[in-house]
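Please construct the entire structure, taking both the sequences and the accompanying hints into account.
Protein chains: 4
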Amino acid sequence: MLKNLVTELIGMVLATTPVASQSTGSADAGLIDDLVAANRILADQGVLDGFGHVSVRHDKDPSCFLLARSMAPALVTAADIMEFDLDGNPTDARGRTAYLERFIHSEIYKAHPKVQAVVHSHSPAVIPFGVVGVALRPVFHLGGFLGTGVPVFEIRDTGGEATDMLVRNRELGAALAKTLGAAPVALMRGHGDVVVGQSVAEAVFRAIYTEVNARLESEALQLGQGQVVFLNEAEARQAAETNSAQVGRPWELWKAKALAGGC
Amino acid sequence: MLKNLVTELIGMVLATTPVASQSTGSADAGLIDDLVAANRILADQGVLDGFGHVSVRHDKDPSCFLLARSMAPALVTAADIMEFDLDGNPTDARGRTAYLERFIHSEIYKAHPKVQAVVHSHSPAVIPFGVVGVALRPVFHLGGFLGTGVPVFEIRDTGGEATDMLVRNRELGAALAKTLGAAPVALMRGHGDVVVGQSVAEAVFRAIYTEVNARLESEALQLGQGQVVFLNEAEARQAAETNSAQVGRPWELWKAKALAGGC
Amino acid sequence: MLKNLVTELIGMVLATTPVASQSTGSADAGLIDDLVAANRILADQGVLDGFGHVSVRHDKDPSCFLLARSMAPALVTAADIMEFDLDGNPTDARGRTAYLERFIHSEIYKAHPKVQAVVHSHSPAVIPFGVVGVALRPVFHLGGFLGTGVPVFEIRDTGGEATDMLVRNRELGAALAKTLGAAPVALMRGHGDVVVGQSVAEAVFRAIYTEVNARLESEALQLGQGQVVFLNEAEARQAAETNSAQVGRPWELWKAKALAGGC
Amino acid sequence: MLKNLVTELIGMVLATTPVASQSTGSADAGLIDDLVAANRILADQGVLDGFGHVSVRHDKDPSCFLLARSMAPALVTAADIMEFDLDGNPTDARGRTAYLERFIHSEIYKAHPKVQAVVHSHSPAVIPFGVVGVALRPVFHLGGFLGTGVPVFEIRDTGGEATDMLVRNRELGAALAKTLGAAPVALMRGHGDVVVGQSVAEAVFRAIYTEVNARLESEALQLGQGQVVFLNEAEARQAAETNSAQVGRPWELWKAKALAGGC
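Residue numbers (the numbering used here), protein chains in the order written: chain R, 46 to 308; chain A, 46 to 308; chain U, 46 to 308; chain X, 46 to 308.
A pair holds if it fits inside one copy or across any two, identical chains being indistinguishable in the list.
Below are the DMTMM-like pairs computed for lysine to aspartate or glutamate, each with C-alpha atoms no more than 25 Å apart in a straight line:
| hint | residue 1 | residue 2 |
| --- | --- | --- |
| 1 | 300 | 128 |
| 2 | 223 | 199 |
| 3 | 300 | 89 |
| 4 | 302 | 89 |
| 5 | 302 | 78 |
| 6 | 105 | 78 |
| 7 | 159 | 73 |
| 8 | 302 | 125 |
| 9 | 300 | 125 |
| 10 | 105 | 137 |
| 11 | 159 | 128 |
| 12 | 159 | 106 |
| 13 | 155 | 199 |
If you are wondering where the hints come from, they were derived from the structure by calculation, not from laboratory data.
Have a look at this one:
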């Protein structure tokens with residue numbers, strides 16, 4: 046009983062109370078809070094499991110980015126946020142372990158200066174699209190940012206036939222960043238996906254609606270025996286533009302739910 | 046019992062400001078409370094996400110209707126309810142922003158005098174039916190109101206090939222209202238649906254059971270390889286009539302669950 | 046705010062505190078408590094929605110049975126339990142309204158003396174099996190009681206082409222009881238199912254595992270493109286016998302979860 | 046914060062007696078706590094239902110193993126943990142009833158000295174794979190341990206055509222252990238699966254990701270009309286090796302969630 050009480054208390058301290066920022070150097074406290082919230086939201090929404098991660102480019106130094114130490118996203122707090130350079134080296138580790146796959150983030154920030162936030166997930170409805178020859182395309186307006194389809198990263202092309210599927214070094218990260226190109230999403234065959242945005246809220250919005258769209262598209266393809274009306278290129282572009290202005294509305298809702306303990 | 050009381054109290058403080066009605070002019074306080082409850086119910090039941098909305102015709106002035114300001118339905122309180130005329134103009138905005146798609150509501154109230162409540166959602170099981178050539182029909186009695194099928198609104202017919210998919214003006218709203226006709230539901234291709242009723246409770250009942258029926262029909266079509274026995278026209282009509290008298294029973298249950306904090 | 050507090054308090058009184066029995070005549074208090082728990086369990090497990098119901102034969106008078114008044118099962122308490130005779134007449138209504146479909150229960154108790162409990166549900170995974178020509182059969186041991194398949198009740202055979210799908214009188218109830226025969230389950234086309242047992246716990250076990258088996262079978266038929274190994278007749282019979290002795294174990298777990306507020 | 050504290054306190058009182066270890070002889074208290082946590086995690090994650098069980102080899106005596114008494118895994122506490130020898134006999138029953146299927150565990154420990162933990166479940170997404178002729182193979186890296194496929198145990202081969210499907214004696218347990226061989230998982234036709242590991246955390250990780258992989262593979266096969274790119278043998282092996290070093294991360298997350306009352 047004592048153990049439970051201690052566990053609960055620690056849980057409260059670590060997981061549910063302060064998402065308020067503690068300074069990790071010079072990054073804006075609000076940005077760190079948004080990053081912590083993003084971790085919690087994506088875990089609460091079922092996009093991130095015990096693995097996967099989300100990062101944001103440093104607001105004062107674009108050659109750095111912020112990413113939690115290697116841990117489950119649902120438990121991340123401000124004190125867990127680390128700084129990295131664009132080679133994936135931590136700038137102030139203080140004994141904390143970094144994610145093996147931080148190179149997903151570093152190489153994307155390096156190759157794509159406009160990208161401000163990156164999500165890597167094992168998004169369950171998305172994974173099947175990465176292992177079959179079916180394009181992930183928008184079936185409804187909230188998936189508009191998917192355009193006319195998204196690229197698929199095949200790790201064998203760079204790492205050979207015997208990798209452990211992880212983007213664990215700069216070479217693989219650079220190959221993934223190249224595959225991503227200007228797209229908002231790249232599927233990672235046999236692994237999951239990477240989603241980017243011009244803000245934490247936009248990357249989170251896209252990560253969640255990539256999952257939702259994947260689920261709807263799979264259902265539609267089965268229902269329609271392969272015959273589905275997707276958004277055309279102009280509709281997708283217009284819808285994406287409209288939605289970009291709306292990313293704040295679900296963000297507040299998702300954040301309130303995730304920080305209240307989920308469920 | 047202590048747990049419940051504490052949970053309820055905290056829930057009231059944390060999750061919502063009072064849903065108790067505050068006068069927004071001359072509309073009945075109970076009607077406003079029902080509209081707030083409808084928002085919460087539809088969000089809690091997974092029919093509305095961070096987007097989507099529900100409205101009710103003003104009880105004292107049929108040329109007005111009530112609709113929340115632009116925000117997530119799960120967070121709506123009485124203070125967020127605004128009044129609009131049938132051209133979609135707010136009558137007393139007080140700085141609050143209106144939904145872009147209020148014209149879905151205004152034009153339906155304008156074209157269909159019997160309609161008293163309108164729900165616009167991105168109902169997940171319904172969206173696939175709007176993008177394939179498969180009719181949404183009742184597979185069980187609670188979907189009876191779907192009759193022999195429901196119309197599908199294709200926005201390209203009115204707005205052309207390059208819209209952002211939103212019903213953002215009177216012309217598009219009028220086209221949707223015309224497509225709806227006397228049906229209780231119209232699918233909106235690549236977007237979601239609109240559901241109407243002669244009361245808030247009826248519109249909510251229909252919105253939820255449209256979603257349930259869609260899920261069951263999709264499953265049945267797959268299981269039966271396309272061969273499904275639907276309710277015939279008379280059965281659908283009779284079942285709809287019986288259910289109309291029953292909409293109060295699930296309403297109380299759904300409302301208790303949604304106002305208690307969901308989950 | 047006052048309204049909310051009152052609603053919550055009433056909710057606590059009606060829904061969550063006393064499942065402890067209050068005498069409704071001469072029925073055993075423990076039996077009434079089990080019936081209340083059954084209502085809550087089946088709602089919590091997603092077998093019953095706002096509709097559907099569960100009954101038990103009176104322990105002292107086999108020509109009577111106990112069934113809640115017309116209300117959502119999730120909210121049933123001991124005070125809501127009514128007594129009926131085998132013609133579906135309440136023996137002590139005290140102003141409470143009976144379910145329209147009490148004849149499902151009365152006619153089954155009348156026709157089948159061994160049946161001690163009856164569940165009528167709109168079990169979501171089961172409904173598709175009632176509208177297609179695919180037999181519901183055991184794919185795993187916990188569905189063993191399904192034997193080599195279960196009957197399907199087609200209401201048109203008795204009520205004609207224009208019913209509202211409800212078993213709302215003795216004639217329809219007798220037809221359903223006849224279709225059920227000695228089976229533990231009968232599907233009701235376009236409606237749901239009825240499940241019986243020799244105790245409340247057994248009927249609840251069967252109702253839940255009929256739903257689970259339906260879900261697994263649907264998945265297996267799709268995965269195996271129609272080629273599935275079902276339990277043979279002897280395996281089904283043996284498994285059903287073994288499980289009959291085990292119905293108490295999940296009952297305690299389900300009851301604890303449902304009475305703790307679900308989730 | 047108050048809400049969480051109150052909820053946790055009530056949760057402790059209502060849902061569980063202490064999971065803190067009480068000595069059951071000479072087994073390490075931490076090992077018993079891990080076993081209790083494993084029960085709760087697997088129930089909370091939907092792998093175990095009211096049935097199914099998990100065991101661990103005794104840390105001081107490899108000819109014994111620890112397994113709860115016959116009860117629902119979600120309710121297991123340290124006081125419920127029993128010791129058994131490799132013939133399935135309890136060494137210190139103290140009136141507690143053992144699981145009918147303890148022979149699944151005893152015979153696997155007997156036949157496979159490297160195995161340190163065993164999970165037997167009715168894993169819902171996995172059951173369909175056991176009744177159709179489709180191989181369960183890794184579609185993503187976290188399922189790597191599935192290698193190039195896993196064996197299927199057909200009880201008819203040992204027990205004949207009329208069993209109740211349960212592994213209820215040594216002969217059936219030995220046949221299952223033989224079918225399992227060096228694999229981490231064996232499907233049990235018409236029943237569920239058995240999953241093994243070199244630690245409790247590894248067995249739990251594998252049990253959960255077998256379920257996740259099954260769900261994803263089923264979806265991918267349908268989406269891709271049978272054409273799916275699986276991990277090749279080298280990728281599966283490499284991914285399994287990497288994941289073995291990571292089993293602690295989700296374990297902490299799952300344990301915190303399960304012990305906090307789930308949901």
